[in-house]
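Could you build the full structure based on these sequences and the hints that come with them?
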Amino acid sequence: MRPYELTLAEAAEAIAARELSPVELTDSVLRRVESVEGRLNAYVTVLAEAARRAAVRAERDIAAGRHLGPLHGIPMGIKDLIDVAGLPTKAGSRVRESAPVADRDSTVASRLRAAGAVLLGKTHTHEFAYGLTTPRTRNAWAHDRVAGGSSGGSAVAVAAGEATFALGTDTGGSIRVPAALSGVVGLKPTYGLVPVRGVTPLSRSLDHVGPITRTVEDAGLVLEALIGGAGDTASPAGGSLAGLRVGVPRNHYFDRVHPEVEEAVRAAIDVLGALGAELVGVDIPMSEYLQATQWGLMVPEATAYHQRTLRTSPELYSDDVRTLLEAGGLVPAGDYLRARWSRTLMRDAWTRLFETVDVVAAPTVPATAAHRDQRTIPWPDGSEESVSDAYVRLSAPANITGLPALTLPVGADSAGLPIGMQLIGRPFAEATVVRTGRAYEAAHAPGPGERGRGLPPHATAAHSAAPTGAMSLR
Amino acid sequence: MPTTPDLLPHEVARWAQRAGLPLEPGRLDLVTATANHIQAVIAVLRELDPGEAAPAPAYPARRGVEEGRDDAAV
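Those protein sequences? They're chains A and B, same order as listed.
Using numbering that gives the first Met the number 0, you'd call the opening residue of the first sequence number 0 and step up by one each time.
Using numbering that gives the first Met the number 0, you'd call the opening residue of the second sequence number 0 and step up by one each time.
FYI, nobody ran anything at the bench for these hints, they're computed from the structure.
Since we're looking at a predicted model, the values are computed, not measured.
Among the hints, a few may not be true.
Selected chain B positions facing chain A (Cβ under 10 Å, derived; list incomplete) [stated by the list, open to error]:
#1 Pro4
#2 Leu7
#3 Ala15
#4 Leu22
#5 Ala34
#6 Ile37
#7 Gln38
Per the computed footprint, the stretches of chain A lying under chain B, defined by three or more beta-carbons under 8 Å from a beta-carbon of chain B, are [as the list claims (entries may be wrong)]:
#8 13 to 20
#9 281 to 294
#10 337 to 347
By construction, the Cβ of each residue, glycine as well, lies at the ideal position given by its N, Cα and C atoms.
If you want it as structure tokens, here you go:
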């Protein structure tokens, strides 16, 4: 196995044992970037020389006995919505084309720096995180499919071996959707657990920041660093789930879901049952108000943040984002307040739901990655839904309620496209969610080097036309 | 519940001006259609009776909800 294929935990263990140096690992990942980036376009900027220098420093420090922990010397990408000192935050937009460099790190960048992680570069986002596809980036498993969004660059970088882990942000599913469509793990923590200072807002009352990784174990390790080592998600996983009550939704989460997605997720839930969890049918509260609440909060909040540039340079936004932002100025304040009421009621109802179960398990997205030019998804009941609405539908509840939600890969459809299962927990119960995901992984996921675990077959020449949006090598 | 009447493009132009975000004339049809769609989605919230619920500005980030802990706010 080549170093770029290692999970974070495997790489950290090899580094701690002096079997692998941060320089070897970083060089391996950078070679992988050179090899596949032209087809995938996950990065806005790759800081190859700076990364090598950081890896050399990490190697020297570790050799001198100053080992900072599992992230020390691990190469990673940061979504270009998150400030990193000395780099511009372009947020995927021409509005930020001439943006000055950030004068200080966001809290999360600062914490990763303190943990010794090696920054490889900034990854592509859907413009200002206001979309679910990340048009500049291609899906790592099929280049004619969307990466998902808005953290599409981060998810593809991790899926393709172009980063050992990455950071994303999530306002309506923007960590979990691209992670699920890319066959990797994404963790949206409890609202407020991971600071968003230095992260460009989409809708501050719904915004979250969190890790995208190749395994659930890795997500727990990154989360620990993001919260300053104050959590308990990096502890060893036990195999049994005896005593755990897993809620299986009777409504909403399996409505208008592609049959192959439903089959894979139900099979994964059965694995949780076989591991000792008690499977309990649950009714998702207020499901008829989910989309209204998500939109009623996000749309006016996004417009409010962008009001200044909407006045001065609206032509610099892409058309889809500009239209949403302009239309968002027309949402009545009364409806915004109703959305906030609805969030309170929904949160209370989910609290009651979690008196009967410890985790809710469900699909992350109702369909696998759409074609890049696809606008709608047809459902067997004859209805059609926009791709974005479909992708947000199952992830938005955890944004509205603030509950922690993890996606992990549980299979593929007949076209070989990844399928994700979502595990939602109580507030600040990241450890429970991670433990559940790790138990599934240990029982079901292929081990190191085994077929099925690894990276997508990028070497295929099909769909390899160079994507738009140039990466700069610095 | 009564349906919400759609706005017409000239009304959208006026509302947008009132909101401090004036629209270019060439964008009125597109923004009108989008604004009416958004309104159709969120109008269902008017069915809700909030009772005494507070219109929460955001999820209160507080540890201790699980496992009975009551340690400090994050």
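Please flag the earlier hints that this structure goes against, numbers listed from lowest up. Hints 1, 2, 8 are the ones this structure does not satisfy, whereas the remaining hints hold.
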